[in-house]
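Going by our numbering, 316 is the number at position 316 of the sequence shown; the sequence numbering is gapless.
Bear in mind the hints are in silico, worked out from the structure with no lab data behind them.
Be aware that a few hints might be false.
[As the list claims (entries may be wrong)] With a straight-line Cα cutoff of 25 Å, these simulated DSS-like cross-link-like pairs (lysine-lysine) come out:
| hint | residue 1 | residue 2 |
| --- | --- | --- |
| 1 | 354 | 285 |
| 2 | 211 | 200 |
| 3 | 165 | 350 |
| 4 | 161 | 211 |
| 5 | 294 | 44 |
| 6 | 70 | 33 |
| 7 | 350 | 335 |
| 8 | 81 | 33 |
| 9 | 277 | 221 |
| 10 | 86 | 267 |
| 11 | 294 | 86 |
| 12 | 33 | 75 |
| 13 | 221 | 232 |
| 14 | 45 | 80 |
| 15 | 232 | 277 |
| 16 | 341 | 314 |
| 17 | 144 | 172 |
| 18 | 232 | 335 |
| 19 | 221 | 86 |
| 20 | 172 | 161 |
| 21 | 190 | 232 |
| 22 | 86 | 33 |
| 23 | 294 | 334 |
| 24 | 37 | 86 |
| 25 | 277 | 190 |
| 26 | 81 | 45 |
| 27 | 200 | 161 |
| 28 | 277 | 119 |
| 29 | 45 | 294 |
| 30 | 190 | 200 |
| 31 | 108 | 262 |
| 32 | 37 | 78 |
| 33 | 341 | 277 |
| 34 | 33 | 80 |
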Amino acid sequence: MRFYNLLMLFILSLTVLACNDENASENSSFSLKITSKQENIQAKKAFEVQITNTENQTIDSVAYFYANQKITTSKNNKAKKIQLEKPLGRNQFSATIYTDGEEETLQKEVILHAENAPKVYTYEIVNTYPHDPAAFTQGLEFYKDTLYEGTGTRGESSIRKVDFKTGEVLEKTNLDYQYFGEGITILNQKLYQLTWQNNKGFVYDVNTLEKLTSFAYNESKEGWGLCNDGEKLYKSDGTEKIWILDAETLEEKSFIQPVTHKSLPTKLNELEWVEGKIYANTWQKDGIAIINPKTGAIDGLIDFRGLRDNLGNKEKLNPGNDVLNGVAYNSTTKKLYVTGKHWDKLFEVKIIEK
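Using the sequences and the hints, build the whole thing.
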């Protein structure tokens with residue numbers, strides 16, 4: 001039951017495939033039938049596909065496609081067992097039917113879930129440090145052992161250098177009133193900051209916090225979280241996608257869709273790159289997903305429930321707004337830190353598998 005409850009932290013937009021539903025084109029005698037023994041279609045686990053033929057037309061062959069890639073061909077409409085590996089997430093599954101010299105294509109939207117359930121982790125507080133309770137934390141990242149913080153809300157958004165041991169703000173650059181600051185990341189001597197609904201991000205000199213330029217979003221909906229792997233940037237936008245950006249042009253090149261073995265979460269927010277994985281908190285939830293950036297599979301879930309009970313200003317916070325939303329990993333010391341919006345403490349934590 002505890003495992004189920006933890007998964008529910010991330011099932012904010014859960015779409016379940018009804019495997020026995022038939023999807024027929026308008027004015028067609030054919031429909032595409034998908035049957036799975038599992039509740040959901042999962043990577044590397046077989047499911048069965050076949051064309052339902054209500055008028056008993058002669059079918060020469062059927063070609064099956066997933067995400068525009070041909071998977072297999074069936075002669076004479078024999079049922080086929082299929083296993084898919086990638087891409088995970090929401091994609092089109094289609095069948096092209098060849099009969100009497102003609103062809104017809106049927107499509108069904110499916111969600112390919114991760115092969116395995118995520119591991120579940122808890123935490124231990126190692127150290128506690130002061131944190132500015134006026135900071136509406138949206139992004140948190142270490143660079144050369146200095147903590148950088150991006151804050152939000154209109155009229156209060158900023159970029160900061162912070163002494164994490166004392167909570168002192170060492171340097172600060174404010175955004176113009178119309179901008180609601182969001183996630184940050186640092187790469188190649190530049191600090192990148194998103195804004196929420198302005199379809200614009202900013203680039204700063206990481207040493208001086210001087211604003212250098214701006215960039216526009218393309219297909220992504222909004223600006224939420226940001227991190228990098230040393231070569232590429234990863235951007236969340238509140239949807240089921242994490243976008244992959246070119247570090248030079250900041251163009252959105254592709255995306256992954258984080259999934260568990262049973263859910264396709266949305267509202268993944270603050271992002272942090274930690275030893276080859278993306279750590280992402282879910283907005284308004286006390287948990288962090290550990291995401292494989294190559295596939296989108298959610299390999300782990302960290303249960304941070306109870307952490308806010310250690311705050312000195314807990315009673316002053318808005319439970320729905322002043323939530324967990326700051327993750328920073330110091331790659332030099334191998335230490336992980338978390339905080340939240342308007343929280344008066346920054347926590348160094350140790351992650352422990354349950």
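Which numbered hints fail = Hint check: nothing fails, all pass.
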